Amino acid sequence: MTDPDSAPWEYVPAPESAGLAGLASEYRLFVDGTFSAGSGEKTTSVNPATTEELATVAGTANSDMDRAVEAASGAFRDRWGGLDGSARAKYLFRLARLLQERGRELAVLESLDTGKPVRQAREFDLPNAAAYFLHHAGWADKLDYAGFGPDPAPFGVVGQVLPWNFPLLTLAQQVAPALACGNTVVVKPAETTPLSALVFAELCQQADLPPGVVNILTGGAHTGEKLLSHPGVAKPAFVGSTEVGRRIRHRLAGTGRTPVLTLGGSGTNIVFADAPVEQAVQGVVDGAFFNQGHVRGAGSRVLVEESVAEEFVERVCERTATLRVGDPLDRNTDVGAVNSAAELDRITRLVETGEAEGARRWSSPHPLPERGYFLAPTVFSEVHQSMRLAREEVFGPVLSVLTFRIPEEAVTKANNTPHGLAAGVWSEKGSRTLWTANRLRTGVVWGNTFHRFDPTAPFGGERESGSDRVGGRAGLEAYLDV
Amino acid sequence: MSDAEQPSNGRGRVTVPRTRKLYIGGSFPRSESGRVRPVRDAHGEFLANAALASRKDLREAVVAARKGFESWSGATAHGRGQVLFRVAEMLEARRGQFATEVADAEGLSLRAAADSVETAVDRVFWYAGWTDKIGALFGSVNQVSGPYTCHSVPEPVGVVGVVAPRESALLGLVSVLAPVLAAGNSAVVLASPDRPLPAVTLCEVLATSDLPAGVANVLTGDPGELAPWLASHEDVDALDPSGAEESLRARLEDAAAETVKRVLDVPVREPDWNEPPTPKRLRTFTDLKTVWHPLGR
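Chains as they are written, first to last, in the numbering used here: chain Z, 1 to 482; chain P, 1001 to 1297.
Since the hints were derived computationally from the structure, they do not count as laboratory data.
Please note: incorrect hints may appear among the correct ones.
Listed next, the in silico DSS-like pairs over lysine-lysine satisfying Cα-Cα at most 27 Å (straight line) [what the hints assert, rightly or not]:
(1) LYS1021/P / LYS1056/P
(2) LYS1067/P / LYS1280/P
(3) LYS1133/P / LYS1280/P
(4) LYS1056/P / LYS1133/P
(5) LYS413/Z / LYS1067/P
(6) LYS429/Z / LYS413/Z
(7) LYS1280/P / LYS142/Z
(8) LYS142/Z / LYS1133/P
(9) LYS1056/P / LYS1067/P
Some residues of chain P that are not near chain Z, with every Cβ distance over 12 Å (derived) [unchecked claim]:
(10) GLY1025
(11) GLY1034
(12) ARG1035
(13) ARG1037
(14) ARG1040
(15) GLU1060
(16) HIS1078
(17) ASP1122
(18) LEU1264
(19) PRO1267
(20) PRO1279
(21) ARG1283
Predicted model only: the values in this text are computed from it and were never measured.
A virtual CB, placed ideally from N, CA and C, is assigned to each residue, including glycine.
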């Protein structure tokens, strides 16, 4: 917590009670509709804002995984695959309602487990998670009209490995369409953030979802890769880094199973001289630091037209300096904790490399808590294309500024990465925004806005960001055998 | 051996044979390797020598395809349709020649070969009509909750590597090439190794149909030698392994994994190309771009 006397203005801390999370001391696997201890090695989940242990989490042994895949397979065969679309729709609707009803509890739990500001979990993660279930509830009995021909078939058992940045939201984005399309799922949340998924399992019980339709296993990368290559999994799905996605593709080559891949890739904001400055500054800062920069397609690079670059960077730093960094459970907090010690270490090294490669570093003077995995929001200017900062996926609260002179140069620089997930374009001139949007090799382009997500709007990348979509009609394709 | 290709046509005249070459960047070069391979008909009779493309030819074809992609993807959908309709017209006009070549290549009766050629013409015609409807088919206006306009539009993925069907020398070939081009992509095609002559003649059709140079590039040779390089090439955006033998599939998928390249899901056994196509290939070879913009006064 910051010393109020040292700040130019005072914020009274507005802490959310950790007790609302209803934290249990132990979390167990969810297989075939019941919780079980699991035969694997137990782990602990840590609060990254305090480094304190939150709870003990059961571990998945091979026998547990076989049991989960078998349960999912049996549920597909006997209880879910042949179920009427309208019945599936109502189960999804129930899950959406339960997510809304227990939204506050889950938001606090999500904040504790991930380090993200509770305000964001409450206002963004939870409402969106519920929205994905609601949207897909509507699809479950309308698949004939999704554009894949009459009566499109599901795959059967889907194995899903999820990331730690938006644990519950990515679960909703993957589980909702999979179930709507008539598949059953075995889900493995990230090792560092498994708690909300295991509470979601409770929701499945409360919704009276037939046993085996949703199964949740815990564990690390090893368990995840085992699940994705399990012979009983008809459709493996992975949300996470390109590096792991590539490994999974190699492993599955020749098996006849193509994984659903929704991968990473830093995004780029392009700021033209005629941009609406206030909105652009806000959008760029938000793009880079929302969720501590732990966002697929975060605006970790900004390309600014040279004539306005100096002033723009100044204003970005000014605005960034007002972001409150610290206790995620304080509702005033804008930037919370980095998710784990390993991530903090990785981002810190990237920042050091940036300095070593000659970029100019500015970091927010906001005091950081003494404990926990925190990193001050950082802006690098004088960044060049060849630097690692500009090429790698940053996935942390670090923004790199590059400049351009003409629109063609902006497009070339923005496209000069193997990824292609998201970009922002800032200009008051509509024709220029659309011209730029046409030429960007990304799956999403935000004009005069950034980080907009909606279950009706297909989201996903091109090239090494993986080409599958979540949301909308296009998002259904991942979970239909068409 | 077909009449047109006989060294002597029976009336004593000695005919002028055609040299079969590669098709790269709108030109017809020999393989830089200087290699050729004899092509025989279904009964083992010698038909002609076809170029045996090398890895260097493949690299040049990818460079040409990238250039071709710039002009082709920049053209209007209407314009792309016009060019593909023209391809159908030119195919129609040379139906007789193709029927003979297909009969030789596939060992069909002339009548059956003519049927197959007619279906191939219709196939190109069908895809030509799709060019300006792909947006309506795959695109959407997204009803997002908030003061934004949001739409999703399909865009071509880029350069597509195509391993053409081994058995169906013309109908199979156009069934895999036409959707790639109709969706706005450029293509590097590895023709059927044992039945490459209709593919070579198709290139002559393409070259005279206002298709910009480099949009379609066709290599004859050994897919077993070239396809893995096509699959792993960093500047190839997607792969259609239709004609790859089963023994090659895992290797291609592994090579494509390195760049997380999209690989069309196709059966190992060659399908009956007479079956009416679906828009699946068009969908696979497009990327969907979602664009948001706020509404405001």
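Comparing the hints with the structure gives:
{"no.": "1", "hint": "LYS1021/P / LYS1056/P", "result": "holds (15 Å)"}
{"no.": "2", "hint": "LYS1067/P / LYS1280/P", "result": "holds (26 Å)"}
{"no.": "3", "hint": "LYS1133/P / LYS1280/P", "result": "holds (14 Å)"}
{"no.": "4", "hint": "LYS1056/P / LYS1133/P", "result": "violated (37 Å)"}
{"no.": "5", "hint": "LYS413/Z / LYS1067/P", "result": "holds (19 Å)"}
{"no.": "6", "hint": "LYS429/Z / LYS413/Z", "result": "holds (21 Å)"}
{"no.": "7", "hint": "LYS1280/P / LYS142/Z", "result": "holds (20 Å)"}
{"no.": "8", "hint": "LYS142/Z / LYS1133/P", "result": "holds (23 Å)"}
{"no.": "9", "hint": "LYS1056/P / LYS1067/P", "result": "holds (17 Å)"}
{"no.": "10", "hint": "GLY1025", "result": "holds (23 Å)"}
{"no.": "11", "hint": "GLY1034", "result": "holds (34 Å)"}
{"no.": "12", "hint": "ARG1035", "result": "holds (30 Å)"}
{"no.": "13", "hint": "ARG1037", "result": "holds (28 Å)"}
{"no.": "14", "hint": "ARG1040", "result": "holds (32 Å)"}
{"no.": "15", "hint": "GLU1060", "result": "holds (23 Å)"}
{"no.": "16", "hint": "HIS1078", "result": "holds (17 Å)"}
{"no.": "17", "hint": "ASP1122", "result": "holds (21 Å)"}
{"no.": "18", "hint": "LEU1264", "result": "violated (10 Å)"}
{"no.": "19", "hint": "PRO1267", "result": "violated (10 Å)"}
{"no.": "20", "hint": "PRO1279", "result": "violated (9 Å)"}
{"no.": "21", "hint": "ARG1283", "result": "violated (8 Å)"}
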